[in-house]
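**Student:** Each chain is listed here by its residues.
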Amino acid sequence: MDRLDFTQGVVRTRVLEKKLLTFGTLERLIDAGTMDEAMKILKETDYGSSFSLLTENNDFETILFAELKRSFQIMDDVSPDSSIVNLLRLKYDYHNLKVLLKEIILDKDFSHLYLPIGTMDIKQIKTFILNENLQDVDPPVRAAIVEVLTDYKITRDPQRIGIILDRLYIYHFLKIIEAIKSPLFIEYAKAMIDFINVRTLIRVKRQKKDRKFLEEVLLSKGNIEKEKFLHSFTDSIDQIIRNFRNEKIAKGLIPALQSYKETNRFEDFEKEMDNYLIKLIREAKHIHFGPEPIFAYLLAKETEMKNLRIILVSKANEIPPQMVRKRMRESYV
Amino acid sequence: MNFAEIFVNFGGVVFGGLGVALAVIMPGIGSARGVGLVGEATSGLMIEEPEKFGKSLLLELLPGTQGLYGFVIALLAMGQLYSTMEIAHGLFILMACLPIAFVGWKSAIFQGKVAAAGVSILAKNEQQTTKGIIFSVMVETYALLAFVLSLILLNSVTF
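Residue numbers (full-length UniProt numbering), protein chains in the order written: chain A, 1 to 333; chain B, 1 to 159.
The set of hints was computed from the structure by calculation and includes no laboratory data. There may be inaccurate statements among the hints.
Residues from chain B that keep clear of chain A, each with C-beta distances beyond 12 Å, as calculated [said to hold, decoys possible]:
1) Gly11
2) Leu45
3) Ser56
4) Met78
5) Met95
6) Ile109
DSS-like, lysine-lysine: derived pairs with alpha carbons at most 30 Å apart [what the hints assert, rightly or not]:
7) A:Lys18 <-> A:Lys261
8) A:Lys108 <-> A:Lys153
9) B:Lys55 <-> A:Lys69
10) B:Lys55 <-> B:Lys131
11) B:Lys106 <-> A:Lys306
12) A:Lys190 <-> A:Lys108
13) A:Lys285 <-> B:Lys106
14) A:Lys19 <-> A:Lys102
15) B:Lys131 <-> A:Lys69
16) A:Lys190 <-> A:Lys40
17) A:Lys69 <-> B:Lys106
18) A:Lys208 <-> A:Lys98
19) A:Lys102 <-> A:Lys248
20) B:Lys131 <-> A:Lys18
21) A:Lys19 <-> A:Lys98
22) A:Lys40 <-> B:Lys124
23) A:Lys19 <-> B:Lys106
24) A:Lys181 <-> A:Lys205
25) A:Lys190 <-> A:Lys212
26) B:Lys55 <-> A:Lys108
27) A:Lys18 <-> B:Lys52
28) B:Lys52 <-> A:Lys19
29) A:Lys19 <-> B:Lys124
Covered by chain A, according to a simulated footprint, are these stretches of chain B (three or more residues, beta-carbon under 8 Å) [to be verified]:
30) 13 to 27
31) 131 to 145
For every residue, glycine included, the Cβ atom is placed at its ideal position computed from N, Cα and C.
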């Protein structure tokens with residue numbers, strides 16, 4: 001991949017970045033007294049045209065999703081290499097795959113859960129699975145389907161579908177990133193793996209599962225060795241904080257673990273994780289030639305959607321602004 | 001007439017001609033690459049904000065000057081060519097053309113990169129565009145030095 005091929009795409013991304021919601025706008029949205037007031041503020045922004053179509057206030061989910069889909073389509077057009085945009089579509093693909101396999105295994109209809117934003121044609125894959133002919137499926141996805149189905153035959157535990165696919169998603173993501181050869185992307189993926197492993201560690205402890213299970217669900221290829229997590233298995237949360245104090249991701253990990261310790265909620269851990277990763281990807285602001293700004297823009301857009309959803313949901317449920325502020329993710333701009 | 005005889009009789013003009021050709025070819029390639037790169041960046045900007053065309057034009061033109069310098073040196077060197085010139089004279093003209101040939105080639109590409117990055121400034125923060133232009137002009141210094149040296153060399157020795 002020639003970095004100079006991205007010159008045009010990067011400049012277009014820079015212009016689009018200006019339309020991302022600023023800190024000030026988000027603050028005004030949080031402080032807005034009612035849903036109507038929030039809508040008025042949103043109508044002044046880039047979301048104006050989409051939100052003016054909104055008739056019933058509570059149907060913002062559809063609009064947010066349509067906006068996200070639109071951002072992906074714009075970036076498809078902007079990026080000269082489709083693998084960058086598809087990299088971020090991958091998590092939707094695996095989400096859809098998860099839903100699909102649960103549908104097949106449990107013989108239920110979950111079609112409302114699909115997120116039509118991925119690269120795969122999920123209906124086609126369903127036909128392939130039902131016909132037991134996976135030849136035309138992308139090899140990593142094929143391997144994932146086979147692994148889930150064989151595992152279910154042995155264990156008969158539908159919960160494992162999610163666990164297996166989450167792991168295979170990360171490996172697939174990492175495989176694409178390794179092919180792109182961007183140091184920033186590799187750092188991003190490794191930091192993500194480390195965070196997920198720590199989350200897995202505390203989750204397994206909380207669910208009181210055994211060490212063998214932890215060993216199975218931990219991801220390899222992160223910056224922190226798998227052994228270190230296994231050694232921390234019997235430790236208290238305070239000891240875990242001390243154990244990981246000197247790691248590369250400590251700047252984000254320690255606050256994440258501390259806020260988990262205070263509230264016992266995984267959402268708080270994930271918020272700090274998101275913040276660390278978006279701060280990491282801010283490096284893309286200084287890159288003029290290469291795929292990083294395109295990746296960063298889509299990530300910024302996803303974060304913005306997350307923040308808007310938090311704000312709008314809390315407006316609908318009349319949650320006070322100070323509570324909302326605690327849940328907000330840091331934005332890219 | 002065999003090859004050795006051609007070399008002895010016309011070697012001077014052949015080497016002189018090579019110098020002229022290189023002075024046009026290399027900075028020309030560099031400038032085309034540089035201008036092309038900035039062109040890609042500015043066209044990205046035009047899709048979103050076409051009103052910035054005027055300001056982007058300056059950045060677009062900067063890497064183009066190297067090609068022009070090479071062309072001027074080539075014209076001057078060409079004026080000194082004649083069919084019976086000595087090999088030493090021809091070789092000297094070739095040497096005199098080399099500074100602008102090589103520096104023009106590479107500096108145009110590097111300048112193109114700086115100017116393309118400058119387009120990002122124009123995209124995000126229009127008031128600060130001049131800074132991007134200044135950074136880009138810095139690279140021009142070295143092309144200009146090479147141009148001046150080629151010019152002096154061409155006129156410094158009389159055969």
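**Student:** Tell me if the straight-line CA distance from Lys102 (chain A) to Lys248 (chain A) falls inside 30 Å.
**Tutor:** 37 Å, violated
**Student:** For Lys19 (chain A) and Lys102 (chain A), compute the direct alpha-carbon distance and say whether it is at most 30 Å.
**Tutor:** Status violated; Cα separation ~39 Å.
**Student:** How about the region 131 to 145 of chain B: do at least three of its residues have a C-beta closer than 8 Å to a C-beta of chain A?
**Tutor:** violated (count 0)
**Student:** Would the least Cβ to Cβ distance between Met78 (chain B) and chain A come out above 12 Å?
**Tutor:** 34 Å, holds
**Student:** Does the claim that Leu45 (chain B) lies outside the interface with chain A hold up, using a Cβ gap greater than 12 Å?
**Tutor:** Violated: least Cβ distance 5 Å, not greater than 12 Å.
**Student:** At 12 Å, judged by beta carbons, does Gly11 (chain B) keep clear of chain A as stated?
**Tutor:** 40 Å, holds
**Student:** With a C-beta cutoff of 8 Å, work out whether three or more residues of the region 13 to 27 of chain B approach chain A closely enough for the coverage to hold.
**Tutor:** With 0 residues in contact (Cβ-Cβ under 8 Å with chain A), the coverage given for the region 13 to 27 of chain B is violated.
**Student:** Under the criterion that the straight-line Cα-Cα distance not exceed 30 Å, is the pair Lys190 (chain A), Lys40 (chain A) satisfied?
**Tutor:** 41 Å, violated
**Student:** Is Lys181 (chain A) within 30 Å of Lys205 (chain A), Cα to Cα?
**Tutor:** 36 Å, violated
**Student:** Is it true that the CA of Lys131 (chain B) sits at most 30 Å from the CA of Lys18 (chain A)?
**Tutor:** 20 Å, holds
**Student:** Going straight from one Cα to the other, do Lys69 (chain A) and Lys106 (chain B) come out at no more than 30 Å?
**Tutor:** With a Cα-Cα distance of about 42 Å, the restraint between Lys69 (chain A) and Lys106 (chain B) is violated, given a limit of 30 Å.
**Student:** For Lys55 (chain B) and Lys69 (chain A), compute the direct alpha-carbon distance and say whether it is at most 30 Å.
**Tutor:** Violated. Lys55 (chain B) to Lys69 (chain A) sits at ~33 Å, over the 30 Å cutoff.
The structure fails hints 2, 3, 6, 7, 9, 11, 12, 14, 15, 16, 17, 19, 21, 23, 24, 26, 30, 31 (numbered hints given earlier, in ascending order).
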